[in-house]
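Colleague: Here the structure of chain F is known, so what remains is to put chains R and B in place on it, guided by the hints.
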Amino acid sequence: MVSTPENKNYKVIGTRPIRHDGYDKVTGRAQYGADIKLPGMLTGAVARSPYAHAKIKSIDTSEAEKMDGVFAVMTAKDLPRLGDVVRGNSEESGSEKHLSENVMAFDKVLYKGHVVAAVAAKDQNTAFEAVKKIKVDYEVLKPVIDVDQAMAKDASILHEDYSGDHLGKKVKNTNIAAHVRHENGDIDNGFEKSDLVVEKEVDMQTVHQGYLEPHSGTAVWDEEDRVKVWTSTQGSFAVRDSVSKVLDLDVSRVKVTPMEIGGGFGGKIPIYLEPISAVLSKKTRRPVKTLMSRTDVFDATGPGPGGKVKVKIGIDSEGKILAAYADIRLEAGAYPEAFIEAAAKCVFSCYDVPSMKIDAYDVVVNKPSSAPYRAPASPQVAFATETVVDEICNIKGYDPIDFRLKNVAEKGTRTALGPKYRTIGLKECLEAAKDSDHWKSNLDSNPKPGKKRGRGIASGYWFNIGFKSSVNLSLNPDGKVALIEGSTDIGGSRASIAMQAAEVLGIPAEDVRPSVVDTDSIGITDVTGGSRTTYATGYAAYNAAHKLIEQIIEKSALKWDINKDQIEYSDGVVKSKADSELKMTLKEIADDPPGGPIVSSASVDLEEAGGGFAVHIADLEIDEETGKTDIVNYTAIQDVGKAIHPSYVEGQMQGGAAQGIGWALNEEYFMSDDGIMLNSSYLDYRMPTSLDLPMINTIMVEVPSEEHPYGVRGVGEPPIVPPVPAIGNAINNALGLRLLSTPMKPSRITEALKRKK
Amino acid sequence: MIKIFLPYKIRENLDVPTEIEAYGSNLRNLIDHIEDMYPGVKEYLVDEGKLRPGMSAVIDGKTTRLGLIHKLDNVAEIHFLPSIAGGSK
Amino acid sequence: MAENKVKKVAVNTTINGEEMDILVDPYVSLLETLREVVGITGTKEGCNDGNCGACTVNLDGRIVDSCLVLGVEVEGKNIETVEGMANPDGLHPLQQAFLEEAALQCGICTPGFLVSAKALLDNEPDPSEERIRHWLAGNLCRCTGYDKIVKAVTKASKESK
Chain F
0 MVSTPENKNY KVIGTRPIRH DGYDKVTGRA QYGADIKLPG MLTGAVARSP
50 YAHAKIKSID TSEAEKMDGV FAVMTAKDLP RLGDVVRGNS EESGSEKHLS
100 ENVMAFDKVL YKGHVVAAVA AKDQNTAFEA VKKIKVDYEV LKPVIDVDQA
150 MAKDASILHE DYSGDHLGKK VKNTNIAAHV RHENGDIDNG FEKSDLVVEK
200 EVDMQTVHQG YLEPHSGTAV WDEEDRVKVW TSTQGSFAVR DSVSKVLDLD
250 VSRVKVTPME IGGGFGGKIP IYLEPISAVL SKKTRRPVKT LMSRTDVFDA
300 TGPGPGGKVK VKIGIDSEGK ILAAYADIRL EAGAYPEAFI EAAAKCVFSC
350 YDVPSMKIDA YDVVVNKPSS APYRAPASPQ VAFATETVVD EICNIKGYDP
400 IDFRLKNVAE KGTRTALGPK YRTIGLKECL EAAKDSDHWK SNLDSNPKPG
450 KKRGRGIASG YWFNIGFKSS VNLSLNPDGK VALIEGSTDI GGSRASIAMQ
500 AAEVLGIPAE DVRPSVVDTD SIGITDVTGG SRTTYATGYA AYNAAHKLIE
550 QIIEKSALKW DINKDQIEYS DGVVKSKADS ELKMTLKEIA DDPPGGPIVS
600 SASVDLEEAG GGFAVHIADL EIDEETGKTD IVNYTAIQDV GKAIHPSYVE
650 GQMQGGAAQG IGWALNEEYF MSDDGIMLNS SYLDYRMPTS LDLPMINTIM
700 VEVPSEEHPY GVRGVGEPPI VPPVPAIGNA INNALGLRLL STPMKPSRIT
750 EALKRKK
Chain R
0 MIKIFLPYKI RENLDVPTEI EAYGSNLRNL IDHIEDMYPG VKEYLVDEGK
50 LRPGMSAVID GKTTRLGLIH KLDNVAEIHF LPSIAGGSK
Chain B
0 MAENKVKKVA VNTTINGEEM DILVDPYVSL LETLREVVGI TGTKEGCNDG
50 NCGACTVNLD GRIVDSCLVL GVEVEGKNIE TVEGMANPDG LHPLQQAFLE
100 EAALQCGICT PGFLVSAKAL LDNEPDPSEE RIRHWLAGNL CRCTGYDKIV
150 KAVTKASKES K
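Protein chains in written order, with numbering that gives the first Met the number 0: chain F, 0 to 756; chain R, 0 to 88; chain B, 0 to 160.
Chain F with its partners taken away, still in its complex shape:
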């Protein structure tokens, strides 16, 4: 591992070539999950629970089986029963039993939309009609739909056989799957010495990642018990791993071919339909494709956790933070794991906090099992912390940027969980914010009558995981390079990975042709998520490119019959150090290289990269009568390490900001008391449209990370963290009132204004 990034005069890095998969995507040629067609393919469809919490007493599939055009029907009895084995120490952690039961319920349904059975039929209409004929006898139970209900004394318990881990003690009969604590220093002393202590509790409703492409799963189960899967996923190897576990097959019997993916944001890491299509294929000996409808996606796929976060911060008379406390309660949905350790890591991440204590609770509720959503749990805790910081600044009259600079987390600062930060760029982001046109501009003090304007600022953080990636390169006879990798591409990563190899080789980005391949064709590569892809797969490409150069030099040595120490390579040309006339282009060395074709491969398993910090500034205009909030100016500032392809880095900043804005102003799961999501459509789950947003200004700050040769930091996740508090702070600035619940929708604003009067 290098400790400092390389020279700064890059030839490819920092340019904006057209992405390699771009032509297929603008012409409609690119094949996404639902586009696949295989000869003889049948259509799968699933039966889902109408209840949020119920015991399954019996399932009668006989009528469905008799239907003309129905080829197979399955229930959870067709899946192997798995134990409570905890899977692995990497991206896949959790219980195998829960994994399987989330795919198809065995004896209990835990959310409305929970799959209970499936059919394979000759076409979609027949499949849907067959599903209607499946009769399920339920014993309906009382659901719990938020952390308060789930943690209450006589709460209905979701998992009777499960023991929660409460600070190391096993506790039965609880919906609190885990209670963890982190503690450094003495906060009681810190609060006692504080000149001012501010405490706020925020309450956030569940939100969905909202990717435009619904889930799909296509499978073929052959006569040798080998299963081929085609799916849109953020992790082909994660799918292979999960599918093989659910079906109790050796991992090598499952081959996953990733289709192009229409958005993920973390939500396409879990599996849903793949094992179902596989079992239906086993029963029919035909390929089976199963799709989700948009309603299914909302009802039954993993949303981002709602919950409650309380933060308390104490400062001294100089404005220095002395102590901080957080109580974090997040909804895991039907099965445990609500990213509470990530929450603990992020809650005070922007600050140098000498003493702190964090209690975090992972709470199961009768909602779909939550999935990662872009910086999981960080937006939730940032809402609380940045609201408290803003309140402190308002009370004391501190400039919000100066206060943050005074308490800034930087290299060597102890993080909330203990380890010291390595090189990070929060300070540079705050300084860039202070220096920005937006911050320096005046907020229009004379808006139209009935409208109020306000400005808010907030900071946020996400760490970047490393983990495993593999890359293969081969030099073609025309001197161009084929790059094989396994990171499914949700935002242009195959281009940024190819660009890193091109930079090493000193050739244009267009001359490195990347392909994203199936799990049999490349070494293990962990998910496209956790902001790891450009970092880790890029690093593997970097290493593979260096190895390719070694190969080129070795074979040139053979060809020229000189010692390889006498040879150097740069910018597509290999030459003798002694004789300047003795040289070859890549095309020339690729033409019949001695000893075999020129190929290389590299794999990495990286420690986490330096994290990313973001600071966002939002100017709002609020209509006092209707509560409608318009964003009139928005700037996203972020430490991006090194922007490999700046257009796609800007894209991440803008996309994350847009999701955060939707989260702040409109998005929520509107739940009935029975645990049914009443707004399970794009009409009523209101995501921002082009009319709801202004141009989103981006300021990329580059503080190279120590962990990558080009200083790459993950950029995908930090931008969703600041928007909610930035907007909450702007609303407070405009109206003098603090909204502590998301979404900060028009009705909440008008109600709060009424109360204020």
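Be aware that a few hints might be false.
Quick list of in silico lysine-lysine cross-link-like pairs, DSS-like style, CA-CA up to 25 Å [to be verified]:
| # | chain 1 | residue 1 | chain 2 | residue 2 |
| --- | --- | --- | --- | --- |
| 1 | F | K65 | B | K7 |
| 2 | F | K121 | F | K132 |
| 3 | F | K410 | R | K41 |
FYI, nobody ran anything at the bench for these hints, they're computed from the structure.
Modeller: Showing chains R and B alone in chain F's frame:
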């Protein structure tokens, strides 16, 4: 000697100070040394000869991918922490 | 069984300039007809209830959500999908602009946006930012925040002159 920080639940349940000191040429030896001083800690950290699933070791700010074989050269601090699945369940 | 079976309907229609005769179940949407019967999958399903625009096609000069149109309704009509935008001479200026401006990340909404934006530029060659945003408000994008999409449409409008 290396400064070692153990997670809250180990410290609470085994009455271990917030910060302790231990040594080892690799993570395995280091944990054995900690076990000598505070019996019961190893059980939390190690399972079947590997770092327990769900537990990670952060060595001078970087989470090791090598587990117990990670060689400890010139290391100032190690934090044992629950692993953070930033990606999935 | 056989007497309850609904018969398929013969439909003659022109898709991307190619006249064709197809057999369509009367209850099937134009979206499903394009993807399953005609076999062109560039038009995408995002929600199937007219709220996201991923399935936008141009029907006799008017953009529609093809999930809200029945396959049997297009008898005698002209349909343009994303597959008809480029020609042997090259990409449509909008497609080129989307690539240059990085106006796509995952790309699933891109066909819908391209068809919608083309309809705008065909009728209004020099739209303002506000007009573009208004016109495209029926197409959802979750990845980009729309910034680069709007810039790409503006760029294409300048290039088309």
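Colleague: Run every hint past the structure and note whether it holds.
Modeller: Hint-by-hint comparison with the structure:
Annotation: proposed proximity of K65 of chain F to K7 of chain B holds, straight-line Cα distance about 24 Å (limit 25 Å). For the hint linking K121 of chain F to K132 of chain F, the alpha-carbon distance of about 16 Å falls within 25 Å, and the restraint holds. A C-alpha spacing of about 31 Å is found between K410 of chain F and K41 of chain R, which places the hinted pair above 25 Å, so the restraint is violated.
Comparing the model with each earlier hint shows a violation of hint 3 alone; every other hint is respected.
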